[in-house]
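Going by this note's numbering, the first residue of the sequence shown is number 3, and it counts up by one from there.
One or more hints might be untrue.
Unchecked claim - The calculated lysine-lysine pairs, modelled on DSSO-like cross-linking and capped at a C-alpha distance of 30 Å, are:
1) Lys137 / Lys172
2) Lys174 / Lys164
3) Lys174 / Lys137
4) Lys164 / Lys137
Treat the hints as calculated values from the structure; they're not laboratory data.
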Amino acid sequence: MTATIATMFSLERPSRWNILFAEESDRDLDFDEGFEEDDLHQPKPPSRRPLLWLLLLVVVGAAAYWFINNPSPPMSRTPVLETMEESHPAPQGEDAMNISPPLFGENQTVMLAVEAGVSMLMGDSTNSQPGPMIKGGEQLIIIDGSHQITGWVYQVQTTAGKTGWISEEKIK
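Can you make the complete structure from the sequences, with help from the hints?
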């Protein structure tokens, strides 16, 4: 083995490394080839989309604040409200003072004035919907009262749990 090593590294032959360092480099080599590819992958400038969203949010918030706190003039009346007020005018002047006080109060027990037969309660205070049937002379508990054009009407509940409205003239 020593003979082989001696032939590979003979001392008689000088090393050729000094010749390689003395040679001129090739001029046709392009060392900035890799830099052109890096230019293609440069990061984009920051977008302004978040600023637009923020501006839109501020505008919507300002508009909502303005609508909530705007001292606007009173709204004009809609035709529906005008027709309702015409059909049910509010009592004015002497009419408001002529309303008699109710004869019965809440949670008061009353009886149906009709002794015999069956009477029907109304489903609402304006007497526009039918309600449950009750026997004559049955005890009723007054839940609520309302003044209508015809007089006082009361919401009553029977001992069986039926509820409805009845006029003041039909109870005692």
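Okay, the hints, checked on the actual structure:
1. Lys137 / Lys172: holds (12 Å)
2. Lys174 / Lys164: holds (19 Å)
3. Lys174 / Lys137: Holds. Lys174 to Lys137 sits at ~15 Å (cutoff 30 Å).
4. Lys164 / Lys137: holds (12 Å)
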